[in-house]
Amino acid sequence: MTDTTSGSTPLPAAGPVPVIPEIPGGTTLLAGRVRELVEAGVLTDVGDEDLRQAAEHVAAATELLRGRTREDPMLLSYLDGNQVSVHNPVEGPGNPLAPPMVGLEVDGSGTTTSTALLSAAYEGPPGRVHGGWVASLLDHAVGRAVAVAGHPAMTVSLTVDYRRGTPHGVPLTINARFTGEEGRKVFATGEVVADGEVTAEARAILVTY
1 MTDTTSGSTP
11 LPAAGPVPVI
21 PEIPGGTTLL
31 AGRVRELVEA
41 GVLTDVGDED
51 LRQAAEHVAA
61 ATELLRGRTR
71 EDPMLLSYLD
81 GNQVSVHNPV
91 EGPGNPLAPP
101 MVGLEVDGSG
111 TTTSTALLSA
121 AYEGPPGRVH
131 GGWVASLLDH
141 AVGRAVAVAG
151 HPAMTVSLTV
161 DYRRGTPHGV
171 PLTINARFTG
181 EEGRKVFATG
191 EVVADGEVTA
201 EARAILVTY
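Read in UniProt numbering, the sequence shown has 6 at position 6, and its numbers run on one by one without any break.
There's no promise every hint is true.
To be verified - Restraint ranges, calculated between C-beta atoms of paired labels, are given here: (1) Arg164 to Ala60: 38 to 46 Å; (2) Val19 to Leu65: 19 to 27 Å; (3) Pro18 to Arg66: 16 to 24 Å; (4) Gly183 to Glu56: 51 to 59 Å; (5) Gly25 to Thr179: 22 to 30 Å.
Hints are computed from structural coordinates only; laboratory data are not their basis. We put the beta carbon where it would ideally sit given N, CA and C, even for glycine.
Please model the complete structure; the sequences and the hints are all you need to start from.
Structure below.
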């Protein structure tokens, strides 16, 4: 299902995508706890015995969750009035991999703004977010922008200019905008802002479904 007013960039339909009216509280709670676990695992300096004990607890939780699974992770719902992909690895509030991107603001012209806070688990250079994750934020943002403008599409080219290191542990603002179209090609730009300074800019070419 496609909602071009949502800011989400849906995948080409391979079949009906389940839509739930709201995200269960346990879904976001679990994702948040796993994010905390990952950051703790990156920063911990406890001894080997404690690490092994923690690993046993994680294994037990994993088995509990495997008690009932879905074949396809794609699941749509609504958050703050916008349709979201619950388990998307960038915006998904139910995916522990996602920072996630939150506070989405859109307008009908194809401009979006959202925020994200990445922990030390996303570090590349010391104190900075890995550049691949910066690119992922921008890729997702431009996809939402063209969808908002009525052109749901997939990225075929993404050029990222890294202006300075993007810090982790501080709120990031991710802006994106639809800039034009040419046949099936659509164009967008975006930037990541930290503490009022642009840290990365992107130019994207996408192709509509």
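Do the hints match the structure? See the list:
Arg164 and Ala60 have their C-beta atoms about 43 Å apart, which keeps the hinted 38 to 46 Å range intact. Between Val19 and Leu65 the beta carbon distance is about 22 Å. The supplied range of 19 to 27 Å therefore holds. Against the hinted window of 16 to 24 Å, the Cβ-Cβ separation of Pro18 and Arg66 comes to about 20 Å, which satisfies the hint. The hint said 51 to 59 Å for the Cβ distance between Gly183 and Glu56, and at roughly 56 Å that hint holds.
The hinted window of 22 to 30 Å between Gly25 and Thr179 is violated, with their beta carbons roughly 38 Å apart.
Consistency note: the structure conflicts with earlier hint 5 alone.
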